[in-house]
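Q: Input sequences plus hints: build the corresponding full structure.
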Amino acid sequence: AQSVAQPEDQVNVAEGNPLTVKCTYSVSGNPYLFWYVQYPNRGLQFLLKYITGDNLVKGSYGFEAEFNKSQTSFHLKKPSALVSDSALYFCAVRAGSARQLTFGSGTQLTVLP
Amino acid sequence: DAGVIQSPRHEVTEMGQEVTLRCKPISGHNSLFWYRQTMMRGLELLIYFNNNVPIDDSGMPEDRFSAKMPNASFSTLKIQPSEPRDSAVYFCASSLRAGGAGNEQFFGPGTRLTVL
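Which chain is which? The protein sequence lines are A and B, in order.
Letter 14 of the first sequence, counting from 1, is numbered 305 in the numbering used here, and no numbers are missing.
Letter 93 of the second sequence, counting from 1, is numbered 1213 in the numbering used here, and no numbers are missing.
Among these hints, one or two may not hold up.
[Said to hold, decoys possible] One-sided and incomplete, this derived list gives chain B residues near chain A with beta-carbon spacing under 8 angstroms:
id, residue
1, G1136
2, Y1168
3, I1175
4, D1177
5, F1185
6, F1194
7, G1222
8, Q1225
9, P1229
10, G1230
[What the hints assert, rightly or not] Pair ranges (Cβ atoms, derived):
id, chain 1, residue 1, chain 2, residue 2, range
11, B, S1147, A, I342, 40 to 50 angstroms
12, A, S396, B, T1234, 15 to 25 angstroms
13, B, R1205, A, N346, 21 to 31 angstroms
14, A, Q362, B, N1191, 40 to 50 angstroms
15, A, P309, B, Q1137, 29 to 39 angstroms
16, A, R333, B, E1164, 42 to 52 angstroms
17, B, S1186, A, P370, 19 to 29 angstroms
Just so you know, these hints were derived from the structure itself, not from any lab.
Even for Gly, the Cβ is constructed at its ideal location relative to N, Cα and C.
A: Here you go:
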């Protein structure tokens, strides 16, 4: 079985400040981890993924995520938030043997000007 | 590439009517997924196909829902008869082989369904 938790429904951050959106996961075996972003009235867009290798993964729009195996976490980060980063963010996980992704419940990020 | 294409973008219908949602995956992708998104339940996987064959339909809520993929470039999700609780945004996504290491999914813009 595989599962993912996003403990925060809502994250607010001031423009220019660093942001973190949290994600923890549970899988059997090695995880494949993903972050997606959803803007209003749009489909989900892929941001970044961790497959293997360097624990720090860099993705689109200046986002990065750090894979932490001991804490089973894959938090999304950005050094300096923009108002345009305001959106709904989804973490997703797949075990190596699984065929489908399991998505978290989503975190609404609001960047305040 | 135009990305995943879904039609219609919006559908309003009355309870009891048949609804058909359509999806064209990205060319060359051989896995296709149908999701439903609601405020209450978040994003739910309904069914997915590999090489046009349904692999897992355990997420399909009930017999009123059916999905087909007659060829690699087209899929439909049908609800018959529709009910108000089916109101949601339905997303189609495609990817390279679903079991492939780390293949991300590409989502369409969604169909917003309202059943009155």
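Q: Hint by hint, where does the structure go against what was stated? Just the numbers, ascending.
A: 1, 4, 5, 6, 11, 13, 15, 16 and 17
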